[in-house]
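S.K.: Sequence:
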Amino acid sequence: MSTNSEAAITPYEVEEVRGVLHIYSDGSIVRSAKPSFSVPVHDDGSVIFKDALFDAANNLHLRLYKPATSSSSGKLPIFYYIHGGGFCIGSRTWPNCQNYCFKLASQLQAVVISPDYRLAPENRLPAAIEDGFMAVKWLQEQAVSKEPDAWLNDVADFSRVFISGDSAGGNIAHNLAVRLGAGSVEVAPVRVRGYVYLAPFFGGTELSKFEAEGPKDAFLNWELIERFWRLSIPVGETRDDPLVNPFGPVSPSLEDIALDPILVVVGGSDLLKDRAEDYAKKLKQWGKKIEYAEFEGQQHGFFTINPDSAASKELMLLIKKFITENSS
Numbered sequence: 001m002s003t004n005s006e007a008a009i010t011p012y013e014v015e016e017v018r019g020v021l022h023i024y025s026d027g028s029i030v031r032s033a034k035p036s037f038s039v040p041v042h043d044d045g046s047v048i049f050k051d052a053l054f055d056a057a058n059n060l061h062l063r064l065y066k067p068a069t070s071s072s073s074g075k076l077p078i079f080y081y082i083h084g085g086g087f088c089i090g091s092r093t094w095p096n097c098q099n100y101c102f103k104l105a106s107q108l109q110a111v112v113i114s115p116d117y118r119l120a121p122e123n124r125l126p127a128a129i130e131d132g133f134m135a136v137k138w139l140q141e142q143a144v145s146k147e148p149d150a151w152l153n154d155v156a157d158f159s160r161v162f163i164s165g166d167s168a169g170g171n172i173a174h175n176l177a178v179r180l181g182a183g184s185v186e187v188a189p190v191r192v193r194g195y196v197y198l199a200p201f202f203g204g205t206e207l208s209k210f211e212a213e214g215p216k217d218a219f220l221n222w223e224l225i226e227r228f229w230r231l232s233i234p235v236g237e238t239r240d241d242p243l244v245n246p247f248g249p250v251s252p253s254l255e256d257i258a259l260d261p262i263l264v265v266v267g268g269s270d271l272l273k274d275r276a277e278d279y280a281k282k283l284k285q286w287g288k289k290i291e292y293a294e295f296e297g298q299q300h301g302f303f304t305i306n307p308d309s310a311a312s313k314e315l316m317l318l319i320k321k322f323i324t325e326n327s328s
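Counting in UniProt numbering, the sequence shown runs from 1 upward without gaps.
The set of hints was computed from the structure by calculation and includes no laboratory data. Hints may contain errors.
Ranges of calculated distance between the beta carbons of each label pair, as one might list FRET restraints [stated by the list, open to error]: (1) GLY183 / PRO252: 15 to 25 Å; (2) ASN221 / GLY183: 36 to 46 Å; (3) VAL14 / VAL144: 23 to 33 Å; (4) GLY45 / GLU223: 35 to 45 Å; (5) ILE9 / LYS281: 25 to 35 Å; (6) GLU122 / PRO249: 20 to 30 Å; (7) HIS61 / ARG230: 24 to 34 Å; (8) ALA68 / ASN306: 23 to 33 Å; (9) GLU16 / SER73: 44 to 54 Å; (10) VAL14 / ASN123: 15 to 25 Å; (11) GLU16 / VAL235: 19 to 29 Å; (12) ALA188 / LYS216: 44 to 54 Å.
Glycine is no exception: its CB is placed at the ideal position from the N, C-alpha and C atoms.
Start from the sequences and build out the full structure, keeping to the hints where you can.
M.R.: Pasting the structure below:
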């Protein structure tokens with residue numbers, strides 16, 4: 001029989017995210033090994049994959065994918081796919097992530113690299129962005145290795161690298177684009193040719209019109225957006241932190257930074273769409289090479305939720321065109 005004093009100190013749940021992240025009143029955190037998206041893995045053998053450790057200090061792995069047989073006579077472009085999850089959840093091993101990487105590798109005829117990164121709230125920003133950079137530095141190490149991994153090096157073109165990210169991964173891709181700058185000389189001989197932001201997760205203390213007035217039943221609703229930011233932003237900072245809001249009051253100007261080409265993609269029913277569109281418009285005004293594509297009626301993450309939909313197929317063709325146009 002428990003006493004009142006014992007009952008009073010029993011930890012209780014104070015935060016929960018998509019059924020996989022549970023935070024308790026004593027500060028303890030429990031993560032479920034089960035993904036929040038329970039879908040079957042569609043592995044038809046046309047794409048092969050393996051894992052590699054890219055950051056031993058933080059025990060971080062990435063998953064490499066390539067077509068089992070290539071239709072290309074030359075080496076294949078490299079396409080990073082950085083998963084989403086509000087910086088708080090998600091993994092390269094989740095079936096929705098794996099299925100989309102299968103699609104990317106086969107339909108783009110590319111080597112796909114899907115890295116994990118440290119998650120919040122245990123590791124708040126900028127941890128995830130630092131890990132994204134380390135995943136690119138790992139590729140640089142492969143490119144110059146005296147003992148190259150034939151699985152990767154025999155097929156991958158290190159001079160044609162594209163970095164994409166989904167939601168929080170799109171935010172990481174933006175921060176990598178700014179850090180590496182045009183030409184990506186810091187990671188030579190790896191050459192980043194362009195960036196694809198898929199529904200990039202940006203924020204700000206002042207709500208955008210669609211954040212405030214958009215559908216309350218959105219797949220990524222405002223309550224969840226706010227919770228992700230609350231758990232991932234550095235302690236003491238706001239949604240105007242430069243890592244969160246590229247145009248915040250203390251954010252360095254992007255006007256004078258030379259950037260590689262960027263493709264920004266968003267669904268028309270995604271609460272994040274105003275920020276994505278504003279980002280593309282501002283950078284275009286500053287003379288950056290940037291494209292913006294909005295898919296009418298589509299929710300946040302439509303391309304992984306239903307990768308066989310007409311909109312997802314159209315997006316894949318758009319990404320393929322972007323790679324072709326920016327490969328030289």
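S.K.: The structure should be examined with respect to each hint, and the outcome stated for every one.
M.R.: Do the hints match the structure? See the list:
1. Distance hint for GLY183 and PRO252: a CB-CB separation of about 19 Å, consistent with the stated range 15 to 25 Å.
2. For the hinted restraint 36 to 46 Å between ASN221 and GLY183, the CB-CB distance of approximately 40 Å keeps it satisfied.
3. The beta-carbon spacing between VAL14 and VAL144, approximately 47 Å, falls outside the hinted interval of 23 to 33 Å.
4. Take GLY45 and GLU223: their Cβ atoms lie about 41 Å apart, and the range 35 to 45 Å holds.
5. The hinted window of 25 to 35 Å between ILE9 and LYS281 is violated, with their beta carbons roughly 53 Å apart.
6. A beta carbon spacing of about 29 Å between GLU122 and PRO249 agrees with the range 20 to 30 Å that was offered as a hint.
7. About 28 Å separates the C-beta atoms of HIS61 and ARG230, a value consistent with the hinted range of 24 to 34 Å.
8. Restraint check, ALA68 to ASN306: a C-beta distance of roughly 25 Å satisfies the suggested window 23 to 33 Å.
9. At roughly 51 Å, the beta carbons of GLU16 and SER73 sit within the given window of 44 to 54 Å.
10. Checked against the given bound of 15 to 25 Å, the beta carbons of VAL14 and ASN123, roughly 19 Å apart, stay inside it.
11. A hinted range of 19 to 29 Å for the beta carbons of GLU16 and VAL235 is consistent with their spacing of about 20 Å.
12. Range check, ALA188 to LYS216: Cβ separation about 48 Å, and the 44 to 54 Å hint holds.
Of the numbered hints listed earlier, those contradicted by the structure are 3, 5.
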